[in-house]
Structures are given as structure tokens and as C-alpha cells.
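Trainee: Residues per chain are reported as follows:
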Amino acid sequence: MGQLLAQILVNGLISGSTYVLVALGFTMISGIMRVLNFAHGEFYMMGAYGVYVLTQYGLGYFPALLIGAIIVGAFGVVMERLIFRWVIGREVNGLIVALGLSVVLKALALIIFGPVELAVTRPVHGTLDLGSVSIPYDRLLVGGCAFGIMLLFYFFLTFTRVGLAMRAVAQDEKIAAIQGVRPSFIHAAAFGLGCLLAGLAGGLMAPIYTVNPTIGELPMGKAFVIVILGGLGSIPGAVVGGLLLGIAESFFSTLIDGTVSAMLVFALVVLVIIVRPQGLMGRSL
Amino acid sequence: MTRSLLVATAFAGLIAAAPAHADKTLFLGGIGDLSGQGAVWGQALQGALRMVQQEVNDAGGIKIGNETYKISTTTYDDAYQSQKAVAAANRLIDQDEAKFVLGPLAASGAIAAKPIFEQNQVIDLVVGAYSRKVMEGNPKYIFRVSNTPVEFIKPILTWLKANNGDKIKRVVVMNPNDEAGWDMQELETKSYAEHGFDLVAKELYERSTKDFQPILTRLIAQNPDMIDMAGSSPASAGLIVRQAREMGYKGKFIKIGGPGPREILTAAGKEAAEGVMQYIPADPSTEGYKKLSERFAKLYGHDMDPSALTNYDALKILLAAMQKAGSIETDKVAAAIPQVMPFKSIAGGDIVLGGKSDYGSDHQFINPIFVGTTTDGGLKIVQMQ
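So the sequence lines, in the order shown, correspond to chains A and B. According to my numbering, the residues represented by the first sequence are 83 to 367, in order. According to my numbering, the residues represented by the second sequence are 10 to 394, in order.
Since the hints were derived computationally from the structure, they do not count as laboratory data. Predicted model, so just to flag it, every value in this text is computed and none were measured. Fair warning: there could be bad hints in the mix.
What the hints assert, rightly or not - SDA-like mimics (lysine to any residue), calculated; alpha carbons at most 20 Å apart, straight line:
#, chain 1, residue 1, chain 2, residue 2
1, B, K72, B, Q348
2, B, K279, A, Y219
3, B, K219, A, L222
4, B, K79, B, Q62
5, B, K219, A, A201
6, B, K219, A, L326
7, B, K219, A, F267
8, B, K279, A, L200
9, B, K279, A, P205
Using the sequences provided together with the hints, build the complete structure.
Mentor: Structural data, given as C-alpha cells:
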């Protein structure tokens, strides 16, 4: 039983770390811009297609991952300037705009790539056997990258001028503006960075699963659950919520079954919302 | 005045004569998943319609009774969802005035759209849709054109027992948690027991699942000799194979459900997919299959899923029934379908009509049955019947 629990925990931590990566960008955008970016899953999808296309042109996996994510981030900045800046602070309007963009991006992917499942060659092969616990190297790589990106993100927000400005805008945009911060620049930067993170997550997961126009739907749903669980706009909340969700799903799916797992996870979320409406680590809704 | 009269008379004559030479249009509608998990099957459905349309129109049309018809087709995407299948059925009937429809693919969609087709006297050639409920109630206008597990599970398990019975005793079955998955699980539970296999675990998972590791951790702990991915989509089946292999599972895999060799290979990878057995509705090594596959590849730029051939054969049966009936009235065409059976598949082998003992009416097309084993990225084919 101990061996099984260890395997469950490892599975949960690795899947949870990828959830965190998607949720970080989503919660940052909602915290700074008060926009629920429901097209976030499609930026994840773009990251996955980016890696697929770039590797098809002979680029190595890691350069493709990085370049693909930068392209997705840049596209995010363009979308912010063209569309989202008009709905900042108006959560319902922003949500509808994001849903519309989500439909458009999925349809475009369908037109360009078709509905077929595409595969990205895995950068690493094999399985790490630790006695009774086995971890495929590609998942280990994703988990490692996810934790690395989380650390970088933490340092960016804590020690860089732009990161500090982002936190200031998230706390109080008017006061931040009086201190010389340009909110319009921060909004574009935050949206681009959030999309870049989603693109990174998609690119990291592309070799693990397959790539198709709808792959962003599931991570988007998870990201939303995580930010509600952890607290809307809370970065630490996204980390805690993501890992908690990954581990809870792993436990319930392994010990009971997948359907009951989905039910219990949502029961847990409802319970958290009732007991702590602001989420585990978030501001009051 | 006389000249004007002559011109007018000639013009009127031209107008009067025109309809006698113009071809009429026969509309064939399609409903399939073109954007969701079953998109490979939806594209195979759409592709079959397009290939038949191209073939008939290039030959100058099809003569039915005293009329020559050109074919036009439209396929609507139901994204494997029942409400969208119903919307597509209504749209085809109300707006496109369709009298003949291929699809839907999903059992839930086919069941939901069934009363609409029956009430409007529209012939619906259902594809896939594994639930036995699709054929319940003695429908008059519904025909299922592809084999279902009811048709292929017994020959496949008999073959499996005879060829691998000493190596395969403990079996695990994985199905999606929906109408088709439940029906499939019930049928497989009975069939595996009847054939002397020990079904050690049955799993129903959500169709959106991508990470099967938690489920596989539990299932592999049962020490199965074989995992049957049954009604899983080909992409999900490929992920199950790959993730189970990564977790150290050494046993066999089979998919006694909807085919999708290319998608399984893509999702699992060549190494992990080696030895995976699956139901296949047509032999890809035949000349007929190769020619059709080439035409499909020209339309879509990739290999054809074997189910396209089943759909193509079904449409040819429908056209043959129209010619036999000498009419496109659906009552007459439905009555003529049994008269054109058995029908020679483009890939060889006969397609017959059956299903009375299992469903209550002979509205099930019974196609040849094959098992394909993935070998070095290709398929090694064995014919069951």
C-alpha cells in the first residue's frame, strides 16, 4: 500500500505541476486586468502547435518550445492591444470576448491543421525506476521544467521592476499609476506573459499527449477550478491549488475511479468556496 | 413584329426544352464529428460522401428510373454530441430537404436523431453508434451500415482464444463513460465470460481523459494479460497503450471497437504500438482499398481510416437500391435495400443484411471482419469472417 501511495503522490505532483503552469498565467491576467481569459486554453493549444510546426522544420525540441512560447506571448500582447484592453476591469464583458476568441482560435486551428491527432517526437525516452515507483522521463522533464518555471516566475515577480510593477497594479492600479507605473504597459506585459506561460505548458505537454484543436479545453477547465480553489488573482493560490488538484485527482482516480474522482474534486471545490469564499489564499470575491 | 415574334418563340422554346435535358440533383446529407475526439471517423464519413459524389458526377450522373441525377453532399459537424446531431438532422431535413443521410456516428446522437428521421421518412444510414438502442423499436428508415461489437466480438474472441488462449487469461476492459461505452461493457462482460476469459477489472472513464496513469496504476495492479480498449477513441487508445508501457506493463493490447490504426500509432508511437491488435473493417492490402485510399489521400492529404471504406460501400448500396427501385422515394428505396444484398464490397467480400435475431429487424449491414496487428508501423491482417 505504501508503494502505491508513493506512486499516486508522484503522479499527482507531476500532473499538478503542469496544472499550475496553466493556472499561473490565467490567475495573473485575472488579478492584474480583472479579465477572465477563457481563451487561455487556446494559447496552450497554440504553444503545442508551435512546437509541432517548428520541430517539423527541423528545429530541436527545446528551441522550438522556447520560440513557440515567445510567439504565443507576442500574439497575446497583440490580442491585448487589439481586444482585451477595451474590457479591462469589466469581468463579464471580458469573459464573453475571451469566449469568442476561444471559438475563433479553435476554428482557425481546425481549418489550418484539420481534426487529425498530431504527434510531437518526445525529447527523452524511457522510465526512471525508483524501486516500486516508476516515472517516465518525459513526465519527469515536464514536472522539472514546471517547477523551474514557477521559481523563475517567483523571482521575476519579487525582484524585477516589471514584476514589482505588476504586483502594484494588481493591488491598486490608481496608486501604482501615481507612483509612475504605466498600467497600459503592465496590462500588455501581463497578458503577454500569461499567454507565454500557457504556450510553454502546451509545448511541454505536446510530446506527452497528442496535438489537436481542442486540447486546450481540459487544461482551461482545470485552470479555472485551480484559481477558484486557490483564490482568484493569487499566484501562491494557483501553485497550492494546482498541486492540491493534481494530488486529489490522482488519489481519487487510482483508489476509486475517474468519474467519482471528478465528482469528489468538485465537491472539494464547493466546500472550499463555502468555507473560504475568497479561496485558499486569495482576496475576497 | 414578325422578327420579334420569332425571337420570342425561339426563346420560349429554349426555356421549355431546357428542363428535359438538365440533370436533377440528388442530395446526400452527412452528420459526423469533424472537430472532436471522433474526428477521424467523421472525416471518413465526409470523405466517403465526397468520393461517391465525385465518382457519380464525373461519370455524368446516375440514372434512376427515367431521370439522371447529379449528386450534391453536405456534412454537418455534430462534435460527437447528441444535441448537435439533432440540430444537424433538423437542418438537413428542414433546410436542405434531405431524404438520405449518412451518420451520426455517436450512439447518443443516433438515438436522439432516430425519431426525427422516422417521422420525416428519411433514410438514415447510421455509422458506428454501437448501442443496441439504435436499432430498437423496429425502425423503418434506419439502417446501421457498419459492424458493431454484436457482430464482431464473438469471431474475434473465438480467434483470440484459439491463437492466444494459453497466454491470455486475465483481461481488463476500458470504455468511455457514455451510452456506447456502457453498452459495450455489458456486451464484453458477457462475451469474455462465455469465451472462458477472466475479466478482472472493468473501467469506465470520462471521454476527456488524457492522463490515464492513475487509472492504469490500479488496473495494472490486477496483473492483466491483456488490456482491451474497446470503445475508446483511437487517440485515447493510443495514449492508454503508451502510458501503460511507460508504467512497465508487458502484456497485450486489443481494441475490439471502432477502428483507427493510424491514430493509435500516432498517439502511442511506433515502439509502444508494436503488437496492438484491433478490429479492422477492411483489408488495406486489397486493390480496392488501395485505390480508394489514394483518392481519399488526394482529398485530405493523409491516409484513409478503414471506416471510410465501409461508408463508401454503404453509399453504393444506397444508390444501387435507388436504381433497383427506379425511384428516390424513401419507402421504395428502403424496400429495395434487401433486394441488392449481398453486395460486393470494393475491397472484396460480401456485405449482407441481418440483425433480426439481435435487434428484431434486418436493418444491420454485416460487413467482412478482420483483426489487424500493428507490426513495425504497419498492419498484419487476419480475416475473421
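Trainee: Would the pair B:K72 and B:Q348 pass a check requiring their Cα atoms to be no farther apart than 20 Å?
Mentor: holds, 18 Å
Trainee: Against the 20 Å threshold, does the CA-CA distance of B:K279 and A:P205 hold or violate the hint?
Mentor: Between B:K279 and A:P205 the Cα gap is close to 15 Å, so the pair holds against 20 Å.
Trainee: Given the hint that B:K219 pairs with A:F267, does the C-alpha gap stay at or below 20 Å?
Mentor: With Cα atoms ~37 Å apart, B:K219 and A:F267 exceed 20 Å; violated.
Trainee: For a C-alpha distance cap of 20 Å, please report whether B:K219 and A:L222 respect it.
Mentor: Holds, at about 17 Å.
Trainee: Given the hint that B:K219 pairs with A:A201, test it: the Cα-Cα distance must not exceed 20 Å.
Mentor: The hint holds at about 14 Å.
Trainee: Below or equal to 20 Å on CA atoms is what counts here, so check B:K279 against A:L200.
Mentor: The hint holds at about 14 Å.
Trainee: When you check the alpha-carbon spacing of B:K219 and A:L326, does it fall within 20 Å?
Mentor: holds, 19 Å
Trainee: Are B:K79 and B:Q62 close enough, with their CA atoms no more than 20 Å apart?
Mentor: Given that 20 Å is the threshold and the Cα spacing comes to 8 Å, the pair holds.
Trainee: Holds or violated: are the alpha carbons of B:K279 and A:Y219 at most 20 Å from each other?
Mentor: holds, 18 Å
Hint 7 alone, counting from the list given before, is not met by this structure.
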